[in-house]
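As they're listed, the protein sequences go chains A and B.
Following numbering that gives the first Met the number 0, the numbering of the first sequence begins with 0 at its first residue and continues without gaps.
Following numbering that gives the first Met the number 0, the numbering of the second sequence begins with 0 at its first residue and continues without gaps.
What you were told as hints is all true, and nothing was included just to trick you.
Listing some non-contacts, in silico: residues in chain B with all C-beta distances to chain A over 10 Å:
{"hint": "1", "residue": "Tyr23"}
{"hint": "2", "residue": "Asn53"}
{"hint": "3", "residue": "Glu239"}
Ranges of calculated distance between the beta carbons of each label pair, as one might list FRET restraints:
{"hint": "4", "chain 1": "A", "residue 1": "Ala485", "chain 2": "B", "residue 2": "Pro84", "range": "56 to 62 Å"}
{"hint": "5", "chain 1": "B", "residue 1": "Thr296", "chain 2": "A", "residue 2": "Pro45", "range": "24 to 30 Å"}
{"hint": "6", "chain 1": "A", "residue 1": "Phe472", "chain 2": "B", "residue 2": "Gly104", "range": "41 to 47 Å"}
{"hint": "7", "chain 1": "B", "residue 1": "Glu22", "chain 2": "A", "residue 2": "Val387", "range": "42 to 48 Å"}
{"hint": "8", "chain 1": "A", "residue 1": "Arg248", "chain 2": "B", "residue 2": "Gln81", "range": "49 to 55 Å"}
{"hint": "9", "chain 1": "B", "residue 1": "Arg227", "chain 2": "A", "residue 2": "Leu368", "range": "52 to 58 Å"}
{"hint": "10", "chain 1": "A", "residue 1": "Thr457", "chain 2": "B", "residue 2": "Gly241", "range": "25 to 31 Å"}
{"hint": "11", "chain 1": "A", "residue 1": "Glu488", "chain 2": "B", "residue 2": "Ile64", "range": "44 to 50 Å"}
{"hint": "12", "chain 1": "B", "residue 1": "Asp233", "chain 2": "A", "residue 2": "Trp133", "range": "31 to 37 Å"}
Hint data in this document are derived by calculation from the structure and do not stem from the laboratory.
Bear in mind that the values here come from a model prediction, so they are computed numbers and not experimental data.
Here a beta-carbon is modelled for each residue, glycine too, at the ideal position from N, C-alpha and C.
Chain by chain, the residues run as shown.
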Amino acid sequence: MDFIFYFGDVFSPLSFLLLLGGTIGGLILGATPGLSPTMAVALLIPFTFHLEAVQGLILLGAAYTSTVAGGAVSAILLKIPGAPANIATTLDGHKMAKQGQGAKALQLSFLASAVGGIFGVLLLIFLTPVLAQWALAFGPSHLFWLAILGVTVIGSLDSASVVKGLLSGCIGLWLATIGFDDIMGAQRFIFHPSLGGGINIIAALIGLFAIPQVLTMFAKGRRAQGAEVIEVQKHSVLDATKELLRRPRALGIGTITGSIIGLIPGVGGQIAGLVAYDQTKKFSSEKEKFGQGHSEGVIAAESANNAMVGPSLVPLLTLSIPGSPTAAVLLGGLLIHGIFPGSDLFDNHPDVAWTFINSMLVGQVLMCLFGLYVAGLAARVAQVPQSVMAAIVLALSVFGAYSVQSSMGDVYVMACLGIGMYFLERFGFSAAPLVLGLILGPIAESNFIQGGMIADATVGKASYFLSGGLNIFLIAVVVASIAYSAWMELRTRRHTTKEEAQA
Amino acid sequence: MKKLIASAAIALMGLAGTAIGEEYPERPILMMVSYGAGGATDFQARIVTMTAGNEDALGMPIAIINKPGAGGRVGWNWFATQADPDGYTLAAYNVPHFIAQSIKGGVSYSADSFEPIANWGADPAVFVVAADSPFNSMADVVAHAKENPGKLTFSGAGLFVGHHIAALQIEKAAGVKMAYIPTKGGGAAAMKAVIAGEVMGGVNNLSDAFRAQEAGNVKILGVADLQRSDFLPDVPTMQEQGLDVDNSSVNFRGVMVPKGTPQEVIDELAATVPEMFANPRVAKKMQAGGSPMHIMTRDEVKEMWAAREQTLKELLAGL
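One chain only, chain B, in its complex shape:
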C-alpha cells in the first residue's frame, strides 16, 4: 500500500512538474506584502502588478494579500515557512529590512530562504529637518552634534530598518554620537515628530520627505545614495557633503519566491516580471505618486542582496 501511494505521489509530482513547465501560470497568483494596506510598499506593489493580467505580461492577475506586523517579520516568517513553493505565491521584499532582521536574529528566514525575481523600486533615505530649523546642511548638523555629543535627537521608523542603517552610517562617517529615536508607526510617525519639533531632525523616505517638502513642512539636507535623485536634483548626496555614506540604506523593493520553487517557474518569472514593471502605464502612476522606480533583473538583485548582507554584517556587528 505504501509503495502504491509513493508511486502515485511520484507520478503526480511528475505530472505537476510538466504542467508547470508548459502552462505556468494557469491561475491567478498571490503576492504577499508584509506591511499594511495603504503603506508605501503596499501601494507600490499594487501599481507595479496592475498590468499582470495583460497578455504580454503573465496573462494572469496578481492579487495582493497583506500580512503586516513586527516590522515585516510576521509576513516574511510566514513566507519562509508556510508559503507553497509552486510559483503561485510571490512576496514583496524590502532590502535592507529583512536582511538586517535576519542578521539580528529571532526570525526563521535569511537571504538564503528566498529566490529574488526582480526589483521595481529604490527609495533612498534622506535627512530632514523642520522648515524653521537652523540647520541648512549636513555640515551644520554634524557641527552641532560635535559640540553636543549624544544630544542631537533625530527620528526614524524603528530599529534595523533602512532609516536606522542610514543613521548608523551617518554617525560612523561623521565620527559623532547622536540620539536616534525609533518611532512606532513607521515613517509617518517619524515625520510627524520632525514637523512638530519633538526631535531636531530625522531620517525618512525620500518619497515621503519630497511630499512634506512640497507642502512646506520640512527641509531636506542630504540623500543617502550614490547619486542625486531625479525628484530632488538640488539636494546633494551625503558623499558630496563629505560624509562617506553609500547606498546601503536605500530601501529596495521587489518580488521574490520561496526557496524550492521549480527552476522553470523562476526563469519564466525572471524573464517576464521586469518587462511588466517597465510598462509605461506603471511608470506614469509611480512617477505621479512620487515613488522612484529602479528596475533590476534577477541577477542584479542577487548581487545586490549579497553585497548588502556583507555591509550590514559589518555595520551591525558592533550593536
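Extracted from the complex, chain A is given alone in its bound form:
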C-alpha cells in the first residue's frame, strides 16, 4: 500500500502543475501526426535536467500516458495513426467521424483509454513481481510463435476477402525485409540511400493511411465544388459513458489483451491494439458492423493501447531492462538523476518510484477529463471542406514523416508507399494488414534466427521451437486462429454462392 502513502506528493502545487502541463501537452503532441509517444518523451527529457527527480518523472509519466491516448485524435479525425498503437483505432473511428459521429468516437476513445490505462497502472502497482517473471518467460521461440499468431490475424483484419488480406500482408512482410538486416548486417533491397535503415514504421503508417485519402479527396474536390458538409452530431458525455458500459465485452477484451501483450518486451505496444480489435471482432455478436463505424472497434483498440502503458514499464522498473523504445527513453530520464531502476529504485527512492506511478494514475484521469472537454470541438474538423482538408492533411503528413528522424528520405518513402496504396485500395486491398506485416516481419525473422542459433548450439531447432508448455500453447492458438478464419471464409462463400444461385 506504499503508493497511497505517496499520493500526496502528486498534488503538491508544482508537481500538479507539471502533471497538468504534461497531460495537456502530451495530448497535443500525441495528436500531431508523426510524433509518437517515444519521441514526445524524448523531447521532454532535456526539460527534466532542471527539475528534481520526482518532478521530472511526473512530467514524463504524464506525457507518456497522454500521448498514447492523444494518438487516437488524429487516427479518428484524420485517419493518420500517430503511432502503431493507434492503427486499429482508424478502422472504425474514422468511419464514425465521417458519419458525423466524431464527437462520440472521441469520447468513447478517451473513456476507454482511461479505463484500460487505470487497469494497467493498477496491475503495475499490485502485481509487479509476478509480472516481471511473466515478462521474462518469453524467449525467442515464444516471440516467434507470437508473431506468427499475429500473421494469422492478417487475413481477417479489415478486408473484404481473406485472400486480399493475406496478399497485402505479404507485401508488408516483403517491405519489412528492406534495409540492413539487424542481426547479420546483410544488405537487402537497398536501391536508394534513404532505404538503408529500412522502412521507418511511422513514415509508412502516415503514407499508407493518409496519402490515399488525400488523393481521393483531391480527386473528388475537382468534381464537386461545394464539398459535402457533414453535420457533426452533438453527443453528451453521459451517453458515451452509457454506451461504454453497454459494451463490457469489447472493454474487457481490450483491457486484458492490452495488459498481457504490453508486458512482453519488444513486441508489446505495437500490436496490442490490433490483436484486441481482432479478438473483439471474433467474439462479437455484431461482426459485420466492424469496419463500418462500430463503437466496439474503437473501445477495444483504445482500451488495449492504454492498458499496455503500465505493464510495459514492468521490465524497466524491476529488472532495469527497457522493454519498449519509450521505456528506453524513460530509463535515460531516470539515469540523468542518478536513479537506477530495479531494487535500488523501490528500496532507496520509493518517493520517486511511487510518485511516478501515481502520476500515471492521476494522469489517466486528467487526460480523460481534458479529452472529453475538447472532443466536441475537435470533432468539427469533419466540417472543413474537403479541398482544404486535403491540403492540411498533406502538410501534416510531410511534417510528420520528416520529423521522425529529420530525414527527407522518410518523406519520399511515405509518398511512394502512399501512392502505391492509393492504387491497391482501388483493387480492394487495405492498409491495416500491410502494416501488420511490416511490424511482424522483423519480429518473426529476428527471433527465428536468434532462436535457431541458440537451438543449433544446444538442443536442436525442432525441440527448441516445438516443445515446452508455452510453445505448445501458442502453437495451439495459432492453429485455432487459422481454423476459425478458414471456417468463416467457407461459410460466407457457401452463403454467397447460394444467394447467387437463387438470383
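Since chain A is already given, all that's left is putting chain B on it; use the hints.
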C-alpha cells in the same frame, strides 16, 4: 556569364572563409547521433553538450538530431555523404563500431571520411552471467567451453560491434569455440537474454551491466579493458584472468566532423570541446548515470582510431 558566376562564387567562398575564422560559431550547431533517442550514446551526447552554450565553451548551444538505423550505418552514411563540412554539423562516433563496419564493407565511409575532435567516454565490454549461474570466473566459463565446444551460448548486441569484437577476442585468447548469439534491439535485448536464462552468458556494456548487478540480476565476471573500472573495483580484467584481451572492444564515444571542414574550425573545436567535456557539472551527471568518462584530445583520438583500425583488420580478416 559563367566567369561572373565563378568569380562571385570565389569571392563568396573567400568571404565565408574569413567569416568562419573570426566568428565561428555564429549560430547553433547540430550534432548527429546515429542511434535512437534514449540510447546510451544519445543520453551521454545530450549530457556532454549541455554546457555548449556557456561563454567559456562554444557560446552557442548544440542541438542533437537522431538518425538511427542499421547499427549506426544510416547516420554515419548520411554524415559522410550529405553533411556540410562547415563546422555546424558535428556527429557522435562510436569506436570500434564504425571502423569495424567500414572494414566489413557496404557503407560509404571509413575512418578517413571523418576528422575526430575529442573523445568523451569509454564504456568497456564486460562478461556477464545470470545471478544464479554456476560460473564464478572467466576460468569457469573457459573450462565449460573447452568441455562443450560450440555449445556455450552467449549474447551480445549484434555483429561487428564492440560486443562482437570482445567475443572474438575472448574466443581467440582462450582457444575455444563458443556460440555467440547476436540479438536485435541492442544491449538491452542481449541483457534480457542473460537474465531470463535464454543464453548462458553474455557480453554487455559496463554501464548497463553495472546497473543490472546493482539490481541483483547478474554477476560480472571480467572487464575487457587494460585496467579495472572505477565503477567495479572488485571485478578483475580479462588479462588478470589470463586471457589476452586488450581494450580493442572498448566503446569509445566522442565528437567528429566531416572531412573537408576548414582547418581553423577544427582547431577551434579541438581546443574548446575537451574543456567543455571537463566541466564539473557534466562529470557529475555522467557519474550519476553510471557512464564512465574518458576525455581524449584530437591527437590522442587520431592515434586511437589508427590503432583500432590495425587490430580490427587483423581480427576480422578470418571472418
